[in-house]
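Counting from 5, one number per residue, gives the positions in the sequence shown under this note's numbering.
Since the hints were made in silico from the structure, they are not lab data.
Please read these numbers as outputs of a predicted model, since none were measured by experiment.
Be a bit skeptical, because a hint or two may be false.
Stated by the list, open to error - Label-pair ranges, simulated between beta-carbon atoms:
hint, residue 1, residue 2, range
1, Asn-252, Asp-200, 17 to 27 Å
2, Asp-119, Val-259, 52 to 62 Å
3, Gly-172, Asn-89, 43 to 53 Å
Said to hold, decoys possible - List time: in silico BS3-like cross-link candidates among lysine-lysine, alpha-carbon distance up to 25 Å:
hint, residue 1, residue 2
4, Lys-217, Lys-258
5, Lys-141, Lys-65
6, Lys-108, Lys-58
7, Lys-108, Lys-65
8, Lys-71, Lys-234
9, Lys-71, Lys-84
10, Lys-58, Lys-141
11, Lys-141, Lys-93
12, Lys-217, Lys-141
13, Lys-207, Lys-258
14, Lys-234, Lys-266
15, Lys-196, Lys-207
16, Lys-52, Lys-108
17, Lys-251, Lys-196
18, Lys-196, Lys-71
19, Lys-52, Lys-65
20, Lys-194, Lys-258
21, Lys-217, Lys-65
22, Lys-239, Lys-207
23, Lys-71, Lys-141
24, Lys-239, Lys-266
25, Lys-141, Lys-108
26, Lys-108, Lys-71
27, Lys-52, Lys-141
28, Lys-283, Lys-251
29, Lys-251, Lys-217
30, Lys-234, Lys-207
31, Lys-196, Lys-258
For every residue, glycine included, the Cβ atom is placed at its ideal position computed from N, Cα and C.
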Amino acid sequence: MIKYILTILFLSLFFVSGASAGSLTIFETIQEINLAPGGAEHFSFVLKNNTGNKLDVSMQKAGFRFKGDEGEVEVFEDPKNELINSWLKPLNPTSFGLAPGERKRLTFLVSAPPDTEDGGYYATIYFTGISNNNEVKSNNSLVFVGVDREDDNTFLREGRVNGLSVPGFIFYGPVRFGARFNNLGNIHYKPKGQIDIYNFLNKRIATIPIQEKNILPNSNLYIYGDWDRKYFLGKYLIVVRMFDGDKNPSVITKVMWAFPWKEAIVIILITVLIIIARKLRVKRLKFE
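The task is simple: from the sequences and hints, build the whole structure.
Okay, here's the thing in structure tokens:
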């Protein structure tokens with residue numbers, strides 16, 4: 005039996021406007037839904053008014069893409085988007101009032117026709133609120149839909165790490181490393197990986213997990229890992245190992261140098277004082 009799998013992931017990212025960020029907030033925005041051909045399922049999330057004024061709220065649906073390789077969300081009109089036009093339907097009024105501090109649970113129905121073609125379908129849901137001619141915007145709820153026939157294996161989840169952001173020289177931590185991953189496939193997926201750190205003796209001294217983020221097909225995205233260590237000294241080899249959606253590995257390396265200058269100054273001053281003290285002692289012994 006041919007089965008479609010639709011995975012819908014809602015990732016909360018703030019959409020920054022001229023108003024203060026977070027004036028309208030979407031909660032419970034990470035969801036995963038599987039549907040059979042012609043099936044349908046409900047999902048819901050909460051919207052909160054964080055302002056001190058009543059807002060006249062309107063729901064918006066649009067297409068989105070990641071601008072650049074840092075994951076900045078770019079919203080755009082997408083009139084041919086099937087997910088926006090017919091699959092994704094709100095079950096509440098799309099315009100409503102929201103009192104200061106009020107929360108409202110909103111429910112949606114998502115469905116896919118039996119003849120849906122394999123591929124990725126993407127959309128975003130967000131809200132605008134107006135009070136006294138001032139407009140605020142909510143964070144975006146990004147919708148990733150993947151439709152796949154399990155028996156014909158049409159999806160390609162290939163990819164590779166093709167960039168590594170590492171400071172060439174540091175004095176103190178923590179340090180943030182960024183792995184740039186290129187999705188070469190035809191569907192979104194979350195690559196997995198880790199950052200291994202080796203000292204000048206080629207001994208692995210730390211392993212840092214890398215964030216898991218959805219990457220759109222034929223696009224690049226930086227994924228980060230943080231090393232919370234504060235003190236460093238010498239040469240370090242940074243090795244990033246990542247696996248694409250088909251579990252194929254790719255590796256990239258870079259060298260980082262570190263020198264804690266404050267401690268070095270203290271050591272130098274102490275050394276100088278010791279040398280001066282010894283010379284003074286030698287002079288005293290000569291005069292005695």
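Hints and how they fare:
1. Asn-252 / Asp-200: 17 to 27 Å: holds, 18 Å
2. Asp-119 / Val-259: 52 to 62 Å: Cβ of Asp-119 to Cβ of Val-259: about 54 Å, so the range 52 to 62 Å holds.
3. Gly-172 / Asn-89: 43 to 53 Å: holds, 49 Å
4. Lys-217 / Lys-258: holds, 23 Å
5. Lys-141 / Lys-65: Holds - the C-alpha atoms of Lys-65 and Lys-141 are around 13 Å apart, at most 25 Å.
6. Lys-108 / Lys-58: holds, 13 Å
7. Lys-108 / Lys-65: holds, 18 Å
8. Lys-71 / Lys-234: violated, 33 Å
9. Lys-71 / Lys-84: Measuring from Cα to Cα gives roughly 20 Å; hence the hint holds.
10. Lys-58 / Lys-141: holds, 14 Å
11. Lys-141 / Lys-93: holds, 20 Å
12. Lys-217 / Lys-141: Given that 25 Å is the threshold and the Cα spacing comes to 24 Å, the pair holds.
13. Lys-207 / Lys-258: Within the cut-off at roughly 15 Å; holds.
14. Lys-234 / Lys-266: Within the cut-off at roughly 13 Å; holds.
15. Lys-196 / Lys-207: Between Lys-196 and Lys-207 the Cα gap is close to 23 Å, so the pair holds against 25 Å.
16. Lys-52 / Lys-108: holds, 6 Å
17. Lys-251 / Lys-196: Distance of about 9 Å is within 25 Å: holds.
18. Lys-196 / Lys-71: Status holds; Cα separation ~22 Å.
19. Lys-52 / Lys-65: Between Lys-52 and Lys-65 the Cα gap is close to 18 Å, so the pair holds against 25 Å.
20. Lys-194 / Lys-258: Status holds; Cα separation ~23 Å.
21. Lys-217 / Lys-65: holds, 22 Å
22. Lys-239 / Lys-207: Roughly 12 Å separates the two Cα atoms, so the pair holds.
23. Lys-71 / Lys-141: Roughly 19 Å between the alpha carbons, so the hint for Lys-71 and Lys-141 holds.
24. Lys-239 / Lys-266: This hinted pair holds, its Cα atoms lying about 18 Å apart.
25. Lys-141 / Lys-108: holds, 16 Å
26. Lys-108 / Lys-71: violated, 31 Å
27. Lys-52 / Lys-141: holds, 12 Å
28. Lys-283 / Lys-251: violated, 66 Å
29. Lys-251 / Lys-217: holds, 16 Å
30. Lys-234 / Lys-207: holds, 19 Å
31. Lys-196 / Lys-258: holds, 19 Å
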